[in-house]
Amino acid sequence: MLKLIFLNALRNIRRNMLRSLLSVFIIGSMVLLFVILHTVSGMLTGQFARALMHYDIVVQSRYANSPLGSHIDIDAYRQMQREEGLKDVDAVSVIQSSRNGNGLWIIGVSNYPVFAATFGILLQKGRVFKKGSSEIMIGNNAINILRRGVGKSVALNGGPRLKISGTYSSFFTLLNSAVLTDLEKAIELSPSKKSISMLLANVHDNRSVDAEITVLRRRYPELVILKTETVGGSMTTLRDISAMTLMISWLVFATAAIAILNSLLITTIQRTKEIGILSAIGWPKSMIVSIFLTESMILSVSAALGGAALAKPLLWLFRHATSLSVYIPDSIAPDVLYKVAAMALFVGLAGVLAPMIYIFRMNISKALRHE
Amino acid sequence: MNDTILEVRGLSRYFDRGLTPAVDHVSLTLERGKIYALVGPSGCGKTTLLHCIGNLENRDGGSIRYAGKAPEDIRSWPKFRREFLGFVFQFHYLIPTLTLQENVESALQWSGTVPVHEKRARSAALLETVGLQHKKDMFAENVSGGERQRAAIARAFANAPDLVLADEPTGNVDSKTGAMILDYMKEYVRNENKTILIATHDPDVEAIADEIIPMKDGRIRSVSERS
Ligand SMILES: Nc1ncnc2c1ncn2[C@@H]1O[C@H](COP(=O)(O)OP(=O)(O)O)[C@@H](O)[C@H]1O
Ligand SMILES: [Mg+2]
Chain W
39 MLKLIFLNAL RNIRRNMLRS LLSVFIIGSM VLLFVILHTV SGMLTGQFAR
89 ALMHYDIVVQ SRYANSPLGS HIDIDAYRQM QREEGLKDVD AVSVIQSSRN
139 GNGLWIIGVS NYPVFAATFG ILLQKGRVFK KGSSEIMIGN NAINILRRGV
189 GKSVALNGGP RLKISGTYSS FFTLLNSAVL TDLEKAIELS PSKKSISMLL
239 ANVHDNRSVD AEITVLRRRY PELVILKTET VGGSMTTLRD ISAMTLMISW
289 LVFATAAIAI LNSLLITTIQ RTKEIGILSA IGWPKSMIVS IFLTESMILS
339 VSAALGGAAL AKPLLWLFRH ATSLSVYIPD SIAPDVLYKV AAMALFVGLA
389 GVLAPMIYIF RMNISKALRH E
Chain C
15 MNDTILEVRG LSRYFDRGLT PAVDHVSLTL ERGKIYALVG PSGCGKTTLL
65 HCIGNLENRD GGSIRYAGKA PEDIRSWPKF RREFLGFVFQ FHYLIPTLTL
115 QENVESALQW SGTVPVHEKR ARSAALLETV GLQHKKDMFA ENVSGGERQR
165 AAIARAFANA PDLVLADEPT GNVDSKTGAM ILDYMKEYVR NENKTILIAT
215 HDPDVEAIAD EIIPMKDGRI RSVSERS
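Protein chains in written order, with this note's numbering: chain W, 39 to 409; chain C, 15 to 241.
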């Protein structure tokens with residue numbers, strides 16, 4: 039009997055192919071938009087916030103709006119390492135490079151284990167670079183950009199040849215298009231040969247972070263010293279992105295729901311007589327609703343599958359065709375897909391709301407006389 | 015055993031705020047094992063009366079008893095319609111997206127205890143009795159009007175209903191199909207001791223009916239017994 043309901047739904051979809059396709063197209067586009075929106079905003083919000091949590095303070099040079107534009111003198115780093123109130127003073131140096139027409143970051147780190155833990159660096163092949171050697175690790179995407187693997191060597195930014203000791207992946211997608219090496223090696227490859235992008239440090243447990251920051255600010259007037267908590271909290275941009283994402287998500291959901299509702303309502307009214315017949319031969323109204331629910335579900339699930347399937351190639355296209363590539367991950371997080379599944383389910387259910395009311399309030403005799 | 019299958023007393027249904035008395039204080043009694051012909055001009059209220067009897071249409075007054083049972087005592091109308099009633103409509107009313115066999119099966123859908131293969135077998139057998147076994151997998155729109163009406167007959171009788179309400183079943187079919195339908199109905203009533211109420215214009219229906227119920231302007235004039 040379920041087979042009959044399913045067949046009937048399928049044949050009706052085929053019978054109204056054009057309208058069905060339009061609904062699937064609208065809902066599919068909404069799903070696609072939803073996936074891309076969540077993937078990009080998830081990348082922007084979640085990853086940055088997580089990355090900063092391991093340290094008490096973060097230091098950049100003045101007038102820098104990102105680690106890339108920040109230049110901290112290496113002497114300031116050495117001096118800060120000797121600060122009594124600080125422990126775990128770590129430096130990160132981000133240097134721009136390019137290869138075969140693709141942008142590539144060279145990232146030098148003073149404390150690889152902490153950096154790896156913070157950014158979820160997972161060794162894929164080979165081993166970690168040795169401190170003080172000419173070794174580098176390269177990210178998953180960098181393999182394609184450099185067109186070389188473990189054991190091979192490569193020269194970057196006109197410097198000496200560097201040996202690839204291993205490959206890695208990271209949840210922080212920017213890092214997948216990067217080369218990871220020892221801080222000193224990276225500084226060697228930088229144009230100025232003496233600048234660091236960012237310092238991260240923890241304050242000794244027996245001191246107050248705020249007090250320490252006040253002291254440091256006085257001592258290093260050329261640097262911007264921030265509490266990571268306030269950096270996270272003051273990242274209004276990120277908060278706004280989340281809020282906007284949520285708002286657009288609801289709009290997207292409502293549009294999809296209205297599209298399917300409209301389509302299903304037309305179908306239901308067109309098939310008034312069929313509903314009358316089924317009632318007359320003893321179908322419970324709930325089972326008649328299930329015919330339309332099945333149709334609605336088939337439409338919304340196929341739209342969701344189509345939309346989700348197209349998201350990956352579209353993201354790939356954005357990565358390769360726009361300057362936003364570092365903000366666009368190449369994979370879709372499972373939780374976005376769960377949200378899509380939930381969306382498909384609720385859109386399918388929403389589609390049958392109006393038909394349900396129509397069917398339950400219907401006068402069977404009038405339905406049978408319907409032309 | 016009570017031989018009264020349906021008892022209608024003072025049944026009324028008005029449309030347009032009472033301006034159109036489609037059914038006006040109708041009383042009738044139908045017995046088991048008989049065919050009744052409800053005869054009257056178009057617009058006299060035959061369809062409305064049939065729909066009221068099947069509770070497809072609301073009543074504005076009067077009472078109905080189905081083999082002694084009041085409508086208020088029927089807990090599930092879908093179940094009651096499946097088990098007690100069968101409907102045949104003037105224009106076959108098959109579901110266009112189902113094959114003839116699936117249309118017949120649709121009447122057996124919610125008879126929970128019957129296994130699936132038995133439903134298939136029963137619907138195939140029913141189609142065979144109306145001479146459609148070779149067309150059972152065709153869709154309604156691909157067969158002739160007469161064949162559609164025969165499939166609709168098979169669907170109406172699928173659950174072996176006690177009372178079949180047939181609304182001009184021969185009104186839109188050729189005379190050969192009409193004769194076949196009437197033969198089928200006659201057989202059914204004789205063999206199963208069931209009852210059929212046929213709204214009609216067709217003299218052939220009047221010829222096979224055990225009783226004629228003349229209707230005019232929503233009223234029943236007098237029931238004439240035939241010998
Ligand atoms: N839903 C309705 N609303 C208003 N008038 C109706 C409705 N259904 C039937 N009628 C009217 O009731 C009368 C009886 O109609 P009907 O029962 O179809 O007669 P018959 O089946 O004998 O041709 C007609 O005048 C018809 O116009
Ligand atoms: Mg009529």
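Everything labelled a hint here was simulated from the structure, so no lab data went into it.
Don't be surprised by glycine CBs; every beta carbon is placed ideally from N, CA and C.
It cannot be assumed that every hint is accurate.
[Said to hold, decoys possible] DSBU-like cross-link-like pairs, simulated, lysine-lysine; straight-line CA separation at most 30 Å: (1) K168/W - K83/C; (2) K41/W - K149/C; (3) K190/W - K169/W; (4) K83/C - K41/W; (5) K323/W - K230/C.
[To be verified] Label-pair ranges, simulated between beta-carbon atoms: (6) T293/W - S158/C: 42 to 48 Å; (7) L56/W - G159/C: 24 to 30 Å; (8) N401/W - T43/C: 23 to 29 Å; (9) E155/C - M282/W: 47 to 53 Å; (10) D188/C - N401/W: 31 to 37 Å.
Cross-check of the supplied hints:
1. K168/W - K83/C: violated (93 Å)
2. K41/W - K149/C: holds (20 Å)
3. K190/W - K169/W: This hinted pair holds, its Cα atoms lying about 18 Å apart.
4. K83/C - K41/W: violated (35 Å)
5. K323/W - K230/C: violated (34 Å)
6. T293/W - S158/C: 42 to 48 Å: Holds, at about 45 Å.
7. L56/W - G159/C: 24 to 30 Å: holds (28 Å)
8. N401/W - T43/C: 23 to 29 Å: With Cβ atoms ~27 Å apart, the hint holds.
9. E155/C - M282/W: 47 to 53 Å: holds (51 Å)
10. D188/C - N401/W: 31 to 37 Å: holds (33 Å)
Checked against the numbered hints given earlier, this structure breaks hints 1, 4, 5; the rest are met.
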